[in-house]
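Number of protein chains: 6
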Amino acid sequence: MRFCQAFMLELWRHLGPDMDVPAGDIGVGGREVGYMFGMYKKLTREFTGTFTGKGLEFGGSLVRPEATGFGGLYFVNQMLETKGIDIKGKTVAISGFGNVAWGAATKATQLGAKVITISGPDGYIYDPNGISGKKIDYMLELRASGNDIVAPYADEFPGSTFVPGKRPWEVKADIALPCATQNELNGEDAQHLIDNKVTCVGEISNMGCTPEAIDLFIENKIMYAPGKAVNAGGVATSGLEMSQNAMHLSWSAAEVDEKLHAIMHGIHAQCVKYGTEPDGYINYVKGANIAGFMKVAHAMMGQGII
Amino acid sequence: MRFCQAFMLELWRHLGPDMDVPAGDIGVGGREVGYMFGMYKKLTREFTGTFTGKGLEFGGSLVRPEATGFGGLYFVNQMLETKGIDIKGKTVAISGFGNVAWGAATKATQLGAKVITISGPDGYIYDPNGISGKKIDYMLELRASGNDIVAPYADEFPGSTFVPGKRPWEVKADIALPCATQNELNGEDAQHLIDNKVTCVGEISNMGCTPEAIDLFIENKIMYAPGKAVNAGGVATSGLEMSQNAMHLSWSAAEVDEKLHAIMHGIHAQCVKYGTEPDGYINYVKGANIAGFMKVAHAMMGQGII
Amino acid sequence: MRFCQAFMLELWRHLGPDMDVPAGDIGVGGREVGYMFGMYKKLTREFTGTFTGKGLEFGGSLVRPEATGFGGLYFVNQMLETKGIDIKGKTVAISGFGNVAWGAATKATQLGAKVITISGPDGYIYDPNGISGKKIDYMLELRASGNDIVAPYADEFPGSTFVPGKRPWEVKADIALPCATQNELNGEDAQHLIDNKVTCVGEISNMGCTPEAIDLFIENKIMYAPGKAVNAGGVATSGLEMSQNAMHLSWSAAEVDEKLHAIMHGIHAQCVKYGTEPDGYINYVKGANIAGFMKVAHAMMGQGII
Amino acid sequence: MRFCQAFMLELWRHLGPDMDVPAGDIGVGGREVGYMFGMYKKLTREFTGTFTGKGLEFGGSLVRPEATGFGGLYFVNQMLETKGIDIKGKTVAISGFGNVAWGAATKATQLGAKVITISGPDGYIYDPNGISGKKIDYMLELRASGNDIVAPYADEFPGSTFVPGKRPWEVKADIALPCATQNELNGEDAQHLIDNKVTCVGEISNMGCTPEAIDLFIENKIMYAPGKAVNAGGVATSGLEMSQNAMHLSWSAAEVDEKLHAIMHGIHAQCVKYGTEPDGYINYVKGANIAGFMKVAHAMMGQGII
Amino acid sequence: MRFCQAFMLELWRHLGPDMDVPAGDIGVGGREVGYMFGMYKKLTREFTGTFTGKGLEFGGSLVRPEATGFGGLYFVNQMLETKGIDIKGKTVAISGFGNVAWGAATKATQLGAKVITISGPDGYIYDPNGISGKKIDYMLELRASGNDIVAPYADEFPGSTFVPGKRPWEVKADIALPCATQNELNGEDAQHLIDNKVTCVGEISNMGCTPEAIDLFIENKIMYAPGKAVNAGGVATSGLEMSQNAMHLSWSAAEVDEKLHAIMHGIHAQCVKYGTEPDGYINYVKGANIAGFMKVAHAMMGQGII
Amino acid sequence: MRFCQAFMLELWRHLGPDMDVPAGDIGVGGREVGYMFGMYKKLTREFTGTFTGKGLEFGGSLVRPEATGFGGLYFVNQMLETKGIDIKGKTVAISGFGNVAWGAATKATQLGAKVITISGPDGYIYDPNGISGKKIDYMLELRASGNDIVAPYADEFPGSTFVPGKRPWEVKADIALPCATQNELNGEDAQHLIDNKVTCVGEISNMGCTPEAIDLFIENKIMYAPGKAVNAGGVATSGLEMSQNAMHLSWSAAEVDEKLHAIMHGIHAQCVKYGTEPDGYINYVKGANIAGFMKVAHAMMGQGII
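Residue numbers (my numbering), protein chains in the order written: chain A, 3 to 308; chain B, 3 to 308; chain C, 3 to 308; chain D, 3 to 308; chain E, 3 to 308; chain F, 3 to 308.
Hint data in this document are derived by calculation from the structure and do not stem from the laboratory. Incorrect hints may have been included.
If chains are identical, the list can't say which one is meant, so a pair holds when it fits in one copy or spans any two.
Derived lysine-lysine pairs resembling PhoX-like cross-links, with alpha carbons at most 25 Å apart [to be verified]:
(1) Lys44 to Lys297
(2) Lys275 to Lys136
(3) Lys199 to Lys136
Input sequences plus hints: build the corresponding full structure.
The structure is reproduced here in structure tokens:
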């Protein structure tokens with residue numbers, strides 16, 4: 003708390019909703035954002051959307067914690083729909099067991115898919131019956147316990163297996179969603195997935211796939227969504243938090259979710275617009291890069307040489 | 003007008019949408035708010051939601067006058083639903099015949115209940131046929147006449163009775179709604195209502211019930227909603243007026259009403275969360291107090307020691 | 003660009019969302035607004051809705067280009083509905099072939115009417131089969147070509163005729179919509195339309211009708227909407243752009259269109275309120291003037307003598 | 003007071019020590035400046051030198067009332083010195099009997115000259131014994147009486163004469179100082195002075211000499227100082243009041259007087275620099291005009307085209 | 003330091019050179035002022051004269067520590083001169099041995115008087131040879147030692163006596179200057195001084211004399227200067243520190259001393275103006291009270307009713 | 003001008019009299035400062051001392067151009083006085099022939115010394131009769147001619163010699179003053195001066211002496227003043243310009259010169275305080291370094307850890 007306050011005492015003049023908007027990241031969660039916001043508010047006497055990820059009691063947004071996972075699934079669903087594939091009944095391999103995995107598993111289940119893996123530093127769980135409902139709640143309990151292991155899941159839910167020291171990418175699944183950490187899916191893992199005829203890979207974790215993995219997916223014409231597109235739901239919901247603050251309103255969870263859905267839909271459409279290749283394959287890496295560049299370039303040129 | 007302007011000339015630096023937001027109260031209505039807003043705008047050169055209850059031509063919100071009554075009924079309806087009771091066909095005793103009573107009677111009728119009393123300083127009207135439609139319009143006319151009496155109602159509408167010098171709480175009704183002034187429902191009145199098997203009491207006026215009355219309701223496990231919860235619709239709609247100002251928009255009456263409904267629903271849910279007792283009785287006094295305290299406490303703690 | 007920047011260097015302190023909000027007009031389009039906004043943002047360090055008609059990449063609103071035409075048709079449709087007339091199947095004579103004509107023709111077609119003329123400086127096109135779909139796209143191409151002529155349309159679409167050097171008001175049509183420039187419909191034109199039993203005239207261009215024309219319409223009890231009411235959709239959508247900026251959000255085209263519709267509906271209702279004459283004829287000129295005056299007058303009086 | 007306050011309520015944002023600095027003039031004296039300053043301070047919360055001529059208790063400067071007259075004599079003395087003439091023993095004809103005449107007579111006496119006339123609307127006093135000491139005090143009493151006449155002076159001081167309905171310029175004097183009002187010295191008066199071999203004319207009143215008078219002085223090579231130079235002492239001392247405010251200090255009368263002297267010396271030097279003609283005659287009209295123009299022109303050019 | 007910083011974090015918005023200017027007092031010296039100024043500067047980014055008594059390296063003024071004592075002697079000297087008495091050779095009884103006593107003894111010696119006592123909590127020193135030069139330095143050493151006693155002086159300087167447990171007012175002296183603490187000179191002490199034919203008493207400490215003492219001095223027509231006049235040198239020099247800050251300059255010690263002298267002279271003149279009684283006795287208590295009241299009253303009235 | 007304006011358009015928010023104050027340097031003179039000030043004033047609407055070296059017509063200070071040279075001589079004179087040496091009659095070798103050399107030669111002559119050299123890129127002039135009066139004016143003419151040579155001086159003034167391609171340090175002189183550019187006096191030059199028994203060396207140019215030269219001077223106990231002390235007059239006079247701006251006043255040349263003298267005196271005293279070595283030799287390098295460090299260190303510590 004003292005650190006957050008001292009940090010703000012130096013930085014406050016350089017932050018603002020039209021200037022620079024800090025966000026949480028590894029080691030900076032709602033607690034730290036709250037402390038920084040409190041000090042910022044004391045110094046500026048303004049109650050604005052300069053910070054996002056705030057507590058619900060003072061301007062935070064519903065659905066913010068699940069937003070990255072929810073958004074990821076909306077994007078993946080859109081990828082499949084574009085190719086005429088229904089997500090219903092598809093098997094999904096997820097890595098991680100934290101907030102992102104929680105959101106991804108919850109929304110995947112809502113959309114009718116079956117989540118068959120989660121993972122921790124100790125290995126992964128394979129549950130062919132699907133990880134949903136109370137099982138997801140149990141996953142959150144494991145996370146909150148602070149033990150940082152997923153192994154107990156197998157004891158709790160018969161029919162599931164704990165595979166120690168491995169990543170879930172060796173499991174056959176239609177959809178693979180890295181939701182844990184960077185470089186968690188390398189070239190070898192990619193080859194496993196390709197060999198197992200994976201349909202779609204969504205890199206929901208930040209830089210979850212190594213360059214080798216990405217190259218392999220694209221070479222093999224696998225549907226692959228890079229993090230900069232598929233995990234934009236978190237930042238997007240920070241934007242929605244800013245909107246709610248600007249409006250002096252709080253939206254219901256359903257409203258936030260609906261707007262998040264629309265935003266992911268729009269991002270997907272931009273990727274398709276700029277990433278579709280002559281043979282119909284959608285190179286989402288290329289699409290996301292070009293779409294982002296074009297938006298900034300048009301805005302800069304539109305505002306003149308200043 | 004001169005007083006409002008001089009007042010603002012002293013106070014303007016200390017008001018603002020993120021600082022302090024004055025509101026009307028007894029003797030300070032739309033006219034005075036307009037004068038204060040005009041002077042504030044002249045001095046600050048800002049057109050913000052610092053004042054609420056403004057005229058519709060310069061930033062005021064539709065439904066603001068009826069908001070307290072509408073919100074009260076949304077809350078009462080929620081109370082009944084929680085216990086599986088349908089408000090349709092229920093009789094409602096209302097006191098008062100001003101803006102609050104107007105909103106309450108209008109919304110009660112819309113929801114299918116039958117309003118059977120209103121009151122003034124001179125006594126109360128008992129109308130077993132129900133006070134709705136043109137009768138409500140007539141009530142507003144009585145109010146606007148400046149005579150401050152309700153007796154003429156009985157002459158206008160055959161089948162209704164004027165009971166001079168009494169309060170309406172002696173009438174048998176399923177729902178009792180004090181909508182007039184403070185301390186208008188004392189211990190004796192409460193006992194009458196209880197004896198007449200009242201189902202639900204909503205204290206829509208500010209501090210309308212005496213402490214004795216409140217104690218009696220709770221002892222007898224009557225559904226009783228304290229003013230701090232059931233009459234929050236007025237302040238809530240001031241908040242919606244601020245939202246509209248922040249958005250540079252005016253919502254339709256339906257939109258305001260819908261948002262007001264959602265807000266009252268949320269307040270009710272908080273009361274239930276914190277006020278439900280082991281035997282299932284919902285102590286709304288306790289619930290509202292704890293919910294309010296928790297929100298402020300969490301916000302303060304979340305923002306650190308500053 | 004240099005001019006726009008120098009202009010802002012002088013003017014920036016006197017602009018702001020609560021102060022003065024410049025807008026494009028003849029010769030000042032999205033390009034110039036972008037340059038001015040860029041310089042304004044550099045100087046003020048604020049990203050606000052001070053300018054409207056911005057590029058979509060930096061705060062502009064969808065539907066802004068079509069807004070005047072769309073709004074005009076919503077108004078005209080409301081006029082007809084008020085008199086129990088269905089716009090479906092009605093023939094529409096439109097002048098012009100730019101943004102306004104584009105919006106008007108598109109929305110007219112959507113509402114089920116048949117657009118039978120457009121015009122340019124070289125004359126007008128009469129197309130009894132209706133101008134819709136690809137024909138509208140072709141019209142935009144003609145516009146974008148920079149040749150400023152409509153004659154090629156007749157070559158492109160068999161069944162249509164080019165009438166050189168004339169205005170479209172000699173054609174028999176149920177609805178006449180000047181969408182080009184000022185004074186483009188004079189007394190003689192008005193008489194033609196009246197003789198041809200025109201039902202409704204909407205002056206979507208700024209001051210498109212001469213005073214003589216307007217007098218003739220009113221004398222003959224023709225439904226006539228003056229520009230200050232029927233072409234308010236453009237400015238209204240600038241307001242919606244400001245709202246989106248204030249909310250840090252972008253609405254979908256459907257949302258903007260819906261809100262535009264509601265605004266035009268409200269303007270029409272005000273005209274009817276103040277312009278309906280004893281014989282039932284709605285004098286929209288009178289209605290618009292009085293409604294505008296009343297709004298400003300009430301706001302001024304409501305805010306006191308300051 | 004109410005007018006001054008209302009005036010400031012409109013104007014306060016546009017005043018400031020680096021922006022615009024109002025000063026008293028006919029009908030706006032210390033009383034009005036005090037009222038305006040009080041309101042300005044209330045609104046801006048700044049205690050700056052935006053107003054000059056303030057009361058001594060709240061930022062006013064000593065010597066401010068006498069400054070115009072003092073400055074005028076410093077200038078005249080400098081004119082004489084430049085030509086090797088000693089002011090000591092010279093006779094001085096002064097018009098007027100207010101603040102300016104007071105300052106002029108006081109300083110003339112201090113410098114060793116003999117003041118032989120003052121005047122009012124009723125005529126002039128000729129006192130060959132010199133108007134100094136108690137006689138000057140008496141003149142101020144006449145002024146303060148509100149009767150606006152100088153005639154009683156002749157009764158009070160034997161040896162002096164009252165000449166009704168005439169101006170003092172018919173008296174033979176070495177130095178003539180118009181200190182009353184505009185156009186108080188016309189061509190005929192100038193001819194009288196020239197015939198009487200006047201040495202030096204200082205137009206201390208604003209535009210006291212008619213164009214004909216000025217032309218005659220210059221043609222006859224009389225030392226003539228235009229008001230824009232010789233009466234700059236008032237505005238100069240307003241500048242010194244601003245300096246004292248900026249320094250949070252009050253200077254003694256001697257300090258103000260010394261600085262005033264230095265400023266008048268500098269202005270005189272500029273006039274000599276730009277107004278000396280080939281024959282040695284100093285055309286102060288030309289000198290003052292060119293010096294003023296050069297200062298502004300150099301400052302503008304030095305700051306670039308902005 | 004932490005306390006000073008936290009204090010400023012709360013208070014900074016309410017301080018400023020035109021608003022409120024904190025100053026040191028008992029327990030708040032240069033060290034604390036420095037800490038507060040540092041934090042204030044960090045928060046406001048302004049280097050202004052909001053704090054006085056700052057370190058010399060960052061805006062402090064020379065002579066500030068000695069200012070109260072110096073000013074006191076200038077005032078006392080003026081009192082004597084007014085009655086035609088030369089301070090040279092007069093004996094002076096001083097109490098205390100801190101900053102104020104230091105300044106008083108130093109300036110008294112400079113003016114030619116002989117200081118014969120100083121005092122501490124342990125008693126007083128009587129030195130008939132005069133306390134000056136190295137003896138004053140030694141006094142400062144005693145003070146800085148932290149022992150809070152003056153007794154060692156008698157050992158150090160032969161010819162001087164230490165009188166334990168007593169105040170110096172029993173010594174015969176021409177001038178008595180309380181320079182230590184409040185209520186240090188009571189009625190009994192005053193009677194001693196009067197019996198010993200004291201000429202002048204200057205209450206340089208804050209409220210050093212009891213009401214009984216003051217009444218006795220006035221009854222006996224002793225020249226008595228109350229603290230609000232005679233010890234104004236400290237606050238006056240804070241004002242000079244503000245002036246130096248405003249000017250971005252540091253004055254030499256001689257310049258500060260000269261200005262301090264002029265200020266004390268002016269205060270004395272005001273006391274004489276308002277406090278001189280018909281018999282010629284100058285009641286400085288009355289004079290200081292009336293002068294202060296008149297200044298504030300004139301300033302308030304001059305600025306109008308606001 | 004365009005560059006200066008564009009530069010200010012980026013930088014203006016980060017400049018201010020309490021923040022950062024730009025100054026001229028090589029290639030940035032009064033012209034550029036004027037352009038920058040003009041743009042800064044346009045943008046900030048403040049007329050403050052943010053820029054120094056401004057034109058005299060808009061806030062510049064008299065003596066600013068000569069200030070470095072004047073200050074240098076005041077310092078050198080102080081050095082000599084400290085050792086009991088009178089500058090009168092001493093010979094002075096100066097390098098350069100620009101503003102700094104001008105100020106140095108002028109003040110040296112005023113103080114009674116005899117300047118015997120000046121120099122340019124083409125060599126140096128040796129004039130044993132002394133360079134003063136009209137000769138200094140001629141030097142300025144040479145400078146203003148743009149030819150950047152001093153050779154013509156020898157033609158103009160018989161008795162002087164032009165030594166091509168050499169520096170003046172080979173001439174025997176009591177005082178050597180590098181006034182041209184960096185590294186203009188190296189070890190070899192220093193040895194020449196030492197061999198010729200130079201008394202005092204003042205490095206008025208920025209870093210005019212090489213490290214070897216400085217070491218030699220100190221080893222040989224020559225009085226040597228480093229640039230950071232001896233050429234501080236330029237920056238000091240910029241500070242005086244800021245003071246004049248803050249006071250809304252312009253000082254006379256004599257006042258500026260006097261204050262400059264006092265400042266240089268103070269800097270010299272600080273060097274002596276911290277640089278005097280046990281044997282009495284004053285190491286000005288050490289003294290200036292320690293004095294500067296101590297001032298900053300005390301100010302930082304005095305303001306606390308912030």
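Subject >> Hints violated by the structure (listed by number, smallest first) >> reply: 3
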